[in-house]
Structure formats: structure tokens, C-alpha cells
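Since chain A is already given, all that's left is putting chains B and C on it; use the hints.
Protein chains in written order, with the numbering used here: chain A, 1 to 180; chain B, 1 to 549; chain C, 1 to 524.
Take these hints with a grain of salt, some might be off.
[As the list claims (entries may be wrong)] Keeping only pairs whose Cα atoms sit at most 30 Å apart, straight-line, the calculated BS3-like set for lysine-lysine is:
hint, chain 1, residue 1, chain 2, residue 2
1, B, K26, C, K301
2, C, K487, A, K168
3, C, K487, C, K158
4, B, K112, C, K487
5, B, K11, C, K301
6, B, K169, C, K301
7, A, K79, C, K478
8, B, K130, A, K120
9, A, K162, B, K85
10, B, K130, A, K107
11, B, K40, B, K262
12, B, K60, C, K158
13, B, K223, B, K26
14, B, K40, C, K294
15, A, K133, B, K85
16, C, K509, B, K60
17, A, K173, B, K60
FYI, nobody ran anything at the bench for these hints, they're computed from the structure.
These are the residues of each chain, in order.
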Amino acid sequence: MKRVTLASDWLESCSGCHMSLLDMDERLVELVQMGLVITATPITDLKVPAPGTDIGVLEGAVSTDHHEEVVRLFRERCKILVALGDCAVFGGIHTMRNYIPIEELLKRGYVTTESTVGGKIPQGPGIGKHLKKCMALNEVVKVDFYIPGCPPPADAIYQVLKDILEGKTPELKEELLKYD
Amino acid sequence: MGKVRVKIDGKEIEVEEGKTILEAAKALGIEIPTLCYHEKLLPYGACRMCLVEAGPGAPKPACATYVTDGMEVKTSTPEVEEIRKTVLQLLFGERNHYCMYCESSGDCELQKLGYKYGLDHFEFPPYEEKYPLDISHPYILFDQNRCVLCRRCARACAELGGHFVLEVKNRGYQSLIAADLNSQFAQSSCVSCGLCVQVCPTGALVDKRAAYLGRKEQAEVIKTVCDRCPVGCGLEVYRRANFILKVYGDWDSPVNQGVLCKNGRYLPLYEERPRLNFPKLKESGAWTRVSPDMAFKVISEKKGSASVYLEGSLPWELLKAFKEAFEDRTFALNPVSPPIPPSAVLKDLEEADTYIVVGVDLNERYGVVGSMIKRRVIPQNARLIAVEAGSLSGITDFSYEYKDLDTALGEARKGNRIVVVYSGLPEGISERLRVESSFKFLFLPFEANTMALKELGIEHRAPVEKVKIFVGENLSFTRSPGDFIVVFTPYETGELREKADLLIPIPGYLEDEGTFVTLEGRRVHRQKVITPAEGVLTVEEVSSRLEKI
Amino acid sequence: MRLARSHVLISIDIESVASGAWEVLRRLKQEIDNQGLSEEVRVLETGTLGVSGRGVVLVVYPERVYYGNVRPEDCPRIVEEHLLKGRPVRELMIPEELIRPVSRDLLGPMREQKRVVLENSGVIDPEKIEEYIARNGYAALEKALSLTPEEVIAEIKKSGLRGRGGAGFPTGIKWESARKASGQEKFIICNADEGEPGTFKDRLILEGDPHKLIEGILIAGYAVGAKKGYLYIRGEYALSLHRMRKAIEDARKLGLLGENILGSSFSFDLEVKEGAGAYVCGEETALMDSLEGKRGNPRIKPPYPTVVGLFGMPTVINNVETLANIPPIIYKGADWFRSLGTESCPGTKVFTILGEVNFPGLVEVEMGTTLFEIIFGYGGGIKGGKKFKAALVGGAAGVFLPESLLGVRMDFDNLKQYKAVLGSGAILVASEEASLPKMLHSVLQFFRHESCGQCSPCRAGTKELYRISTRLLEGRGKVEDLDAMIKLSESLWYSSLCPLGQSLIMPVKSVLENFREEFLPLVQ
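Extracted from the complex, chain A is given alone in its bound form (with noise of 0.2 Å):
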């Protein structure tokens, strides 16, 4: 049986796309038993997938310094990049800190909120430096599949790594192409 990869990260977001990921339920399996490993995720143990994966999945809007380098990084090790979720598809929710200097939005954040007392901003070598502009992910690197929607049906993702691990081309039709 041919062994096909697949490592996921996710970025600027809800981690929403990955709770529809799982809303497969039993047709994890079904892909599984057609050849799905599942590497790298968030929530195992691995968290980098390794040179030559298949399949890299991707959540998340791309705001940070940190962000880009792991979409690099995903894009020089997976074979097949697929944006998952709104935020990755076409920026989504978080495009709206784009009108805001980042300063005054750390600051709102993390100093002004309304509960906080003696809050700062978070500064430190593991902390992602903001991006002048929060983007898509196909502003950054090629991307070569999407699933659009905030969050994704579970169907559609589904169809997606079903085609891709039958050889097929995916294609989102009408009622699983989903904006919202």
C-alpha cells in the first residue's frame, strides 16, 4: 500500500480548521486505510514534517515572522501545499489588523484591555515579530490546493485528501465551496 504523508501547522488562527479536520470522525480512518500517514500536527508529538513530505496542510493567516518561516519551511519540505480555512485561503479575519500600526495594536492587546493591570508587551528571541501586512498564504509562497470556508465543512476536506490520495485533481463544488 503507498504510503502518503501529511503534516499540518497552524498559524494565525482559531485552530477551527483543524476541530472541522477532525469532524471527519470515522472517515479518518477510511483515509487511512487508504495509504494516510499523519506525521507532523499540532497536536502529536512531532511538530516539523520531514524532507519529502506529500501533503502539507496549512491553517492560518500569515502574520509573523515565525509564520513565515514555517510556511518556508513547509514549502520546501511538502510536496503538495493545501491552504486550509479562510484565513489561509484569503487572509480572513486577521487582514483586519492591517489598517492598525502595530504598536497601538499591542498595545490595546496586550496594555489597555480592560481586565489587565501592569500589562507589557511580549518581547523576547521565541516571540514572531508582526509582519507590516497579516497575508494570505499564496502571497508568500505557491500554493497548490484550497479549501475555503470559516471553518471548512468536514466534507470538504474530506473530497480534497480523498482526490489528492486517489491521483485526482480536487475540486470543490458548489455546495462544499463555502466562503464562511
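Positioned in the frame of chain A, the structure of chains B and C alone reads:
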């Protein structure tokens, strides 16, 4: 009109001259995608979604190209589909068309086109620009970020509503739809007819009250007739869980063809007066709840000395019930008879070349009649002579006071098909108008069902008795010592609590069915759309109880 | 009339006025007065002499000496030394060999300019109708009125005159179509919006020979059956507006406009309307909307203006240069016109040469002259002896032609072979030092600014093209962006409502195909 033969996608059809490719295709059952096209508006041809191959040269917009004999049209070639996709991508990338937090998601024509063409990513990432949001208007929200500049709103405001408030300001990529070219919506000359919201394909113009409360597919659509004035416009009411989401005009109604005014569309939904939810009796200065039986017992005891004063806004059934119970002691609160016998119908407005509007401001009341007139006067297809017509005088050079009626009439006589539009008229004016034999008279009855009052033989009189029964929505009266006043009304205002002795609740806007007689004498049946609180008595209940007292 | 012994012509046009022409004129007259020469020396204002970049230019006749960059303080010397004592002031002169634009005889190995449309510009005082009449002015009108309107149209058709606004549509056929169309009244509109960047040929006619234009419009009105004409002049042309209005007034006084012109049954009146700064209003249907008082948005064609035009009536819209050709054709005959130019495009064309050439300015030459001759002959070659890189031919909506195509003969049909259009005849010359990506960027900026915003592809597409170009210039571009630009401009060509959006494909595709190497260093 001659006929032309045209072939679309290999199918032949014969249509009348003057039809567009889009109309001919529709007759063949072939669908062509559109965005700026609207059935009721003149074709615009600017969104470029409906481009089809129609002979040599560049593709043509199907909605704005008229068929010629022998034309061969291909509505779906690979090139044309490619262009449509690119135009869609450009539209999505132009402003912030993010569906995930948009009120209109699921009801949006742009989104539907995106789904249809399998658009699964943005080729041109949307701009980092934030476009203005105008929330100044009390009923309508205008979000420029969602606008595709199809200009349906501006075209509807002009061609259907006749208000000419919305237009595009600036040029090119900086174009913005603006009210009065540069005002905030609230400060503009907008009359809140709501046509712009009705025609907007995306979520740019939305009903503030209905926002985020449900999509069209989650609501039930009930077709009914408006009861706010005697024109009798067709409505499409969107209801969800016994709540009115929004009121749209019924495009298929022959009376208004989709056009409404704020009196039917917005004002009733923003009613602030508290509701009367059960019958109440005032005993020793304090209000106590009573049962309907008790309430009608009180009325029955006073029946012999009571007189009834009815508003003309009530359904026929209720008016009849009161008339039968109280016979010649039933009166109308407002004038009933026309000062001049009517001789025109609404259709005459479409063919007239001169209108004289006397003593009624059609921007405030009878808004749809106002639209029918304004949309011909402002593009100079007809003339308006305004005699003390309030704000309507602003659109014409021929504006007069009653004392200059002769000049006004002289001016009017220059036309060929003259229609006089009037409601109540002061002393002396109606006699001078009546003699104009070449004029047609369109009477606007004072209230929605004034014609029914007339048919039932109920005349106007000022209230004089000691025991009075008032029935209506907007009641205001004086109380003299020794009076006993019963009020049938939906609303419990402070004034009523002070002046009345017995309050009985009746249904409010769209809460019960009933028959109305429009100004043209047509009988229309109004549907019950939502159910009021349990203690409110229906028209049926009141009628049957009145029978027994 | 007393004959003067000397005439000093001072060119009054927008450029020279900006350099202080009024002050020079005043000072010159003052000095002539001081020297007591006002009876012998006459000073005349004229339209532009077609010389660019030389400040205030004077020509002294009969010597035909040209002075350039004249300042008011130079006038005493010129008057004393040259006009009084007869010794031209060498230091202020423009050397004779350089005087190409207004040469009346052969100078060196170059061919003479064939001045048909510009025959009076720079020669007569445009504000004096008598001078126009003295040079056979309004004789063509007289001749036309003696023919039937159909005969006039036949003559114009025979001449093969094609519209000089850019589209090149046969004028005779346009007039015939309007004549045949039915309508309560008909209109003639002269399109003097001249929005194409780098073009000022119409301004030359409007400022230098306004009566020729009026005569052309009158003949057009007679031929088509119109009684009213509108002259839509761009708002920025203050001097043109003034000169045209004066010319119309002068013509009215002499009965050349109004009722029963020249004693015939033909009545016609002309009104000047100002534009308000929109390139899109140079498009004929947008111009008509603008004249009607609406937003200048182009209309969908068909129906064409000759059937449904201004206020819904049949209308003929012609460019200034086209109408200025009408009097010479009627007066000298269609055969004479056909003897100039090429078979399919007879007559002459005014080209504006701008950019890095030695003698920027206007030339009027026969159709079919090669690009090389225009740039290197009349234009004097590249400034500073640098190499030629590219020429943007046709205005902003034009094509970038490389060196290999310098031999192309400039007329409507020849250029079509190279997928180029003559357009308004503007030629912008770029030397080896010019940055073509930057030129493209400014073209795209222009289109983004001037798009009317009615149709989605142009409104959003011009914005997008500009954005991609900005990305390229800022170093954030990718190699896919280059093909994306070509593809996008192709889509605009298919889907735009009017020629503004449709013509973007020309500059974008031509520069990216002919000069791709210039863009590659910009992409990652």
C-alpha cells in the same frame, strides 16, 4: 414592433425588436450570469459579467445589447468564461470582500457568482485600504467595503424612487457611492424608502435592524399588502420566529412594483410606544387587569349612551362590526368624503405630462405616489405644479401658495394630460379646481381604509358625547369631566393611561388579517404575518364579542 | 493700410507665456516706441511657432531671424541693434540650421514639412479675422455653400480623410451616416479635449488658427444638416478658450456664424464649452454625456453617435485636426489631398516629438513618413548624442517601439501590422538612459487616475496593474508578475466598456514583449 430571429447557443428564437440578448436567452431558458443587471432597472452594462460572444469583435454585454436579425450568440465559450473569472477576481480584489463576517453571506450575488465559478482563492489580494462605513442613517447601514459599484442603488433611487439622492462621487478606483454627492446619509435628502437596500446585491447596503438576524433562506417570505395608507402597495415580509426581519416591496405587485416608502417599510418596525398586552380597567384611579369578558360587560352596560369613533386605519371587518353594534352612533375620526369626486387611477400618473399636487406633501405621506411623480418630473418627462405641497415644492420651479391658485392653474393648463393629486382641501379651493373639465382628479383618501368607511356609510364627526369609544393606533383626544372613555388600541401611551377608563388591546402592524379598500376602490386582503402577545384580542374576537353586546 | 518695413512675430502660447512672453511683448513695444519706430515696425502676436523648450521665441521678418529665450531686458538691444541699425544680435539668435519647424524652404538634406493644417499657425495673428481671410480664409465655406450637402460629403469621402483624433475612422462615411440618420435636430461637436499626454497639436490649431477650425465646423454642419455646434475645449487651455471665443465673436460680427450665412439659407451657431479635467471625456460618448451636464461616463456602443448622440440626436464628433483639414480639402480639392500621404491614409499628420530629442516640438508631415525621419530628421536625433532605446508612439495608450521598428511608415494601416496605433501622433523618445519600467509605471499611474470607474475591469484592473508595477519598482516583484500584467491587460482588452480600458494592452504588452530584459533585474 417587428420580430427578429436570433440564434443563442445553437437554439433559434424569434423575439420582438427592442429585446436584449439577456431577455432572449431567458426566454430560451439559458442563464447568463449578471451582477449590475436588475429586471426593473434600465440596463447598465458596466459590471461586464454578462459578456457573450455576439459576432465579430469584442464580447458584448448581454443585458445592454439589443438583438438584431440573424444575430448568433454564444453565451459560454472558454474565452468568455475566462473573462468572467478574471472580472470576478478583480471585483473580489478591489475591496474587502471577506465573507466570513459579512451580514449578507449566503444572500450575496457576488458570493454566488464566486461559488458558481469555483473561485477558491484570491488572485489579487484585497486592498489594505479601509473604505468608509456610514452608520449615520437611522435605518440603513452603508458599508463601502462591500460595494461593487454596480450602481443599482443609485439607479433605483433615481429610476424607481425618483429621489435622486445617491450618485457616484470621485472617479476611477476612488469612486464611492455618496448621498447628495458628499453628505453623510443621515444629513442627506434621503427619504428612507429603502429601495437601495432592496436592490443591493452584496452586503454594502443593509437593514440595520435585520442585520445578522437571519438569511433569506432561513426566513419565511409572506406576500401581503401594506396598510399604512390607501395606496395599498404590495409587500414581501420576511419573518423568522414570529419576528419581522424586514419589509421589502413586492416586485410583482401591479400597484407599486417593488417601490415602498418609509411609512410602510421602516417606521412601524421602529415603533417605540409600549404595547398594550391585556385589557385594563381604571378603578379609583388605579389600573387593574380585567378579562375580556369583564371588559365587554362594561361596554355592554354603557352601550345605550356610547358613541364610537373609528380611525380609518382599521380593517373592514372591524369597522363593520362596530357599525353593526352601534349603528348610527358610529363615526369617523378623520374626514371621509373626497372634496372633489375622483376620476383618475394610479395608472394615469404614468401617462400624464402635468401634475398638480395640492396641499399634500408626497415626501411625507403617500410616498409611492410621490415616487411615481418625482421619477418623471426630475428627468423632465413631465411637469409638476406644486400648490402648498410642502417639501415636494423643492423639485419644481412652479411652486405656488393658495392665493396664487389662478396662476398655478394657468400654468397647468399648458399641458395635455393633467392630473390633480389632492387629499383634504381648504374652503374655496375645491370649487375652483372642480370646474377644470380637462383635468383628471386623483384623490388620496385620508387614511388606509377611508374608502371602507365611506362604503359603510360612516361619516366624520368630532367627538361630543360623554361615553366615547375610540378605536385606532394614533389616538389623541380631550377628556372632559364626567366622561367615560373606552379605547381599543395596540399601544399604551402615557396620554391614554391618563385620559382613558378602559383599555382593550387590538393587533398592531401585520398582526392580523383584514380587508382594505384602496384609493382606487380595489379590495385587498391583508395577511396576518406575526402573532402578538397572548392577551391581545384579534379582529375576529372583537367582532364576535361586539355582536353579543 | 500702411505697410510696415519690418514685422516682429512673437509666439504667444501656453509655453511661452509661462516663460514671460507677455512681459517681453510689452517691453518690446515700449522699446520700439522709445526708438520712434512704431510706424515702421509692427509687432504681432501669433500662435506657437512649434518650437519647444526655447522660452519666448521671436521671428523678425523679412530677414527671418529667430531669437530664442528672449527676456524683457534683451529687448532694448534687439530693438536698437537689429530693428534700428539692421544688425541682428547674434548671441540671442537661434542658429539658422536649427529652425526646422517653420522652415519655408529647404534646409540641408532634410525634407520640408508639409504644412496644411498648420499653414497659418505662427504666420498670422489669430485674433485678427482679416488676416485669416487674407489667406483665403472662409473661401472654402463659400465654395461648399455653392455645392449641395451631398456633394460636399462626396468630396470628403473622395479625399479619404480619416479621423485624426486617434481612431482613424473615415470622416466622409461618418458625415454620411449622420446625414442619413433621422432626428429632430443634428449636432456637430469638435473634440478639443486633447487629453492624450504628450499631445498638444490641437492646441496649436486652437491658439494659432482658430478660424480654420470654425470654417471646418461650418462646412461639417452644412454637409450633415446641423444647425448647432459645440466646441469642447479642455479646461486647462485658457488661451485656446479665449482665442476661440474671440474668433467666434468676430465671425458672428461678419455674418459667418448665425442666420443665413453668406446670404445662403444655411444657419449655424457655435458654442464653446469647457472641459473639467478628465481624460475619459475625450472619449466621444463620455464627452457627449459631459456636454449634457452628466458625469462623463462612456456609453455603450451601438448605438453610435451618428444615430443616437448628443441629447439623443444624430451627432458628428470630429477631432480638431480632422476639422482643420476640411477647408483645404474643399478649397483645393480631394485630388490635391490624395496627392499627399499614402494610398490608404492621404494627407498630412501633425506629430508631436517629445522626450530626449534635440528639437522637441511639433511637425506636420505627410502620412507615411518613417519614424526614423521624424525622430532623427525633424527631431534632430537624441540629445547629447546618446543612443535611441524606445519611442512611445500614440500617447499614453500607445506602443513602445524598439529600434528595429524605426523604419515603420507612420500611418494608420502600416502601424496596425506592428500591432501599434497612430493614436494622436505623440512620439515620446527615450534614450538608453531612460528607465522603461518607470515609464510604464507612469503610464499605469495615468490610467489608474483617469479611469472613469464605471466598468469593473478597468476600474479594478488599472488599480491592480499599478499595484503590480509598484511592487516591481520596489523590488518585491516576482517573475510571474510580468506575465500576470500581460494577461490582465489582455482581459481588460476583452472586457472593458470603452477604449480607455481596452487600450492598456498596448503599452503593457509592447514594453514587456520588446524590452523584457529591462524588467528582469527587478524580479526575484
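Hint-by-hint comparison with the structure:
1. K26(B) - K301(C): Judged against 30 Å, a Cα distance of about 23 Å means the pair holds.
2. K487(C) - K168(A): 28 Å, holds
3. K487(C) - K158(C): 41 Å, violated
4. K112(B) - K487(C): Within the cut-off at roughly 25 Å; holds.
5. K11(B) - K301(C): 26 Å, holds
6. K169(B) - K301(C): 24 Å, holds
7. K79(A) - K478(C): 21 Å, holds
8. K130(B) - K120(A): 29 Å, holds
9. K162(A) - K85(B): 27 Å, holds
10. K130(B) - K107(A): Distance of about 21 Å is within 30 Å: holds.
11. K40(B) - K262(B): 20 Å, holds
12. K60(B) - K158(C): 33 Å, violated
13. K223(B) - K26(B): Answer holds: K223(B) to K26(B) is near 25 Å, not above 30 Å.
14. K40(B) - K294(C): 22 Å, holds
15. K133(A) - K85(B): 26 Å, holds
16. K509(C) - K60(B): 23 Å, holds
17. K173(A) - K60(B): Status holds; Cα separation ~28 Å.
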